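In my numbering, the protein residues as written are 1 to 64.
Keep in mind that the hints were calculated from the coordinates and are not lab data.
This structure is a prediction, so every number in the text was calculated from the model and none was measured.
Any given hint could be a false lead.
[To be verified] Once the Cα atoms are required to be at most 30 Å apart in a straight line, the calculated DSSO-like pairs of lysine-lysine come out as:
#1 Lys28 x Lys63
#2 Lys43 x Lys55
#3 Lys55 x Lys15
#4 Lys43 x Lys28
#5 Lys34 x Lys15
#6 Lys15 x Lys41
#7 Lys15 x Lys63
#8 Lys34 x Lys55
#9 Lys28 x Lys52
#10 Lys34 x Lys63
#11 Lys15 x Lys43
#12 Lys52 x Lys34
#13 Lys55 x Lys28
[Said to hold, decoys possible] Here are the simulated distance ranges between beta carbons:
#14 Leu54 x Ile16: 28 to 34 Å
#15 Leu13 x Ser56: 34 to 40 Å
#16 Thr40 x Ile16: 22 to 28 Å
#17 Asn36 x Gln4: 27 to 33 Å
#18 Val11 x Arg35: 31 to 37 Å
#19 Tyr44 x Ala5: 42 to 48 Å
#20 Glu53 x Ser22: 19 to 25 Å
#21 Asn62 x Leu18: 36 to 42 Å
#22 Ser56 x Gln12: 39 to 45 Å
Glycine included, every Cβ here is placed at the ideal spot set by N, Cα and C.
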Amino acid sequence: MSQQAIEQEVVQLNKILLQTESFDEFQKAHQLVKRNRITTKTKYLHQAFCQKELKSFWFLFNKN
1 MSQQAIEQEV VQLNKILLQT ESFDEFQKAH QLVKRNRITT KTKYLHQAFC
51 QKELKSFWFL FNKN
């Protein structure tokens, strides 16, 4: 492969990754379990995602 082809491939991969790794996509694919409740609200998912450690009895589940 030429250098130009490699660079074009990298640009295309970056576009794909930017779309799939956004917080919107993360939010669609996860649920937050807080003790006895399951939520998909953006506010709570963002709060849980930004913490280094989740609070006790909080769990992030992937819907996939």
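So, going through the hints one by one against the coordinates:
Between Lys28 and Lys63 the alpha-carbon distance is near 8 Å, which keeps this suggested pair within the 30 Å criterion. Pair hint Lys43 plus Lys55 holds up; C-alpha atoms about 15 Å apart against a cutoff of 30 Å. For the proposed pair Lys55 and Lys15, the alpha carbon gap of about 34 Å is over 30 Å, so the pair is violated. The suggested pairing of Lys43 with Lys28 holds, with an alpha-carbon distance near 13 Å, which does not exceed 30 Å.
With a C-alpha separation of about 34 Å, the suggested pairing of Lys34 with Lys15 is violated against the 30 Å cut-off. Taking the CA atoms of Lys15 and Lys41, the gap is about 27 Å. The hint holds against a cut of 30 Å. The straight-line distance between the Cα atoms of Lys15 and Lys63 is roughly 24 Å, inside the 30 Å bound, and the hint therefore holds. Only pairs whose Cα atoms come within 30 Å are accepted, and Lys34 paired with Lys55 is accepted, the gap being roughly 9 Å.
Taken as a hint, the Lys28 and Lys52 pair is honoured in the structure, with Cα atoms around 21 Å apart against an allowance of 30 Å. The suggested pairing of Lys34 with Lys63 holds, with an alpha-carbon distance near 16 Å, which does not exceed 30 Å. The hinted pair formed by Lys15 and Lys43 meets the criterion: a straight-line CA distance of about 26 Å does not exceed 30 Å. For the proposed pair Lys52 and Lys34, the alpha carbon gap of about 16 Å is at most 30 Å, so the pair holds.
Of the pairs offered as hints, the one joining Lys55 and Lys28 holds, with about 21 Å between alpha carbons and a cut-off of 30 Å not exceeded. At roughly 29 Å, the beta-carbon separation of Leu54 and Ile16 lies within the given 28 to 34 Å, and the hint holds. About 39 Å separates the C-beta atoms of Leu13 and Ser56, a value consistent with the hinted range of 34 to 40 Å. Restraint check, Thr40 to Ile16: a C-beta distance of roughly 25 Å satisfies the suggested window 22 to 28 Å.
Between Asn36 and Gln4 the beta carbon distance is about 57 Å. The supplied range of 27 to 33 Å is therefore violated. Look at Val11 against Arg35: about 45 Å separates their beta carbons, and that is not inside 31 to 37 Å. Between Tyr44 and Ala5, the C-beta spacing of about 44 Å keeps the proposed range 42 to 48 Å intact. Separation of Glu53 from Ser22 is about 24 Å and conforms to the stated range, judged on CB atoms against 19 to 25 Å.
At roughly 20 Å, the beta-carbon separation of Asn62 and Leu18 lies outside the given 36 to 42 Å, and the hint is violated. For Ser56 and Gln12, the hinted distance range of 39 to 45 Å is satisfied, since their beta carbons lie about 43 Å from each other.
Going through the hint list in order, the structure does not satisfy hints 3, 5, 17, 18 and 21.
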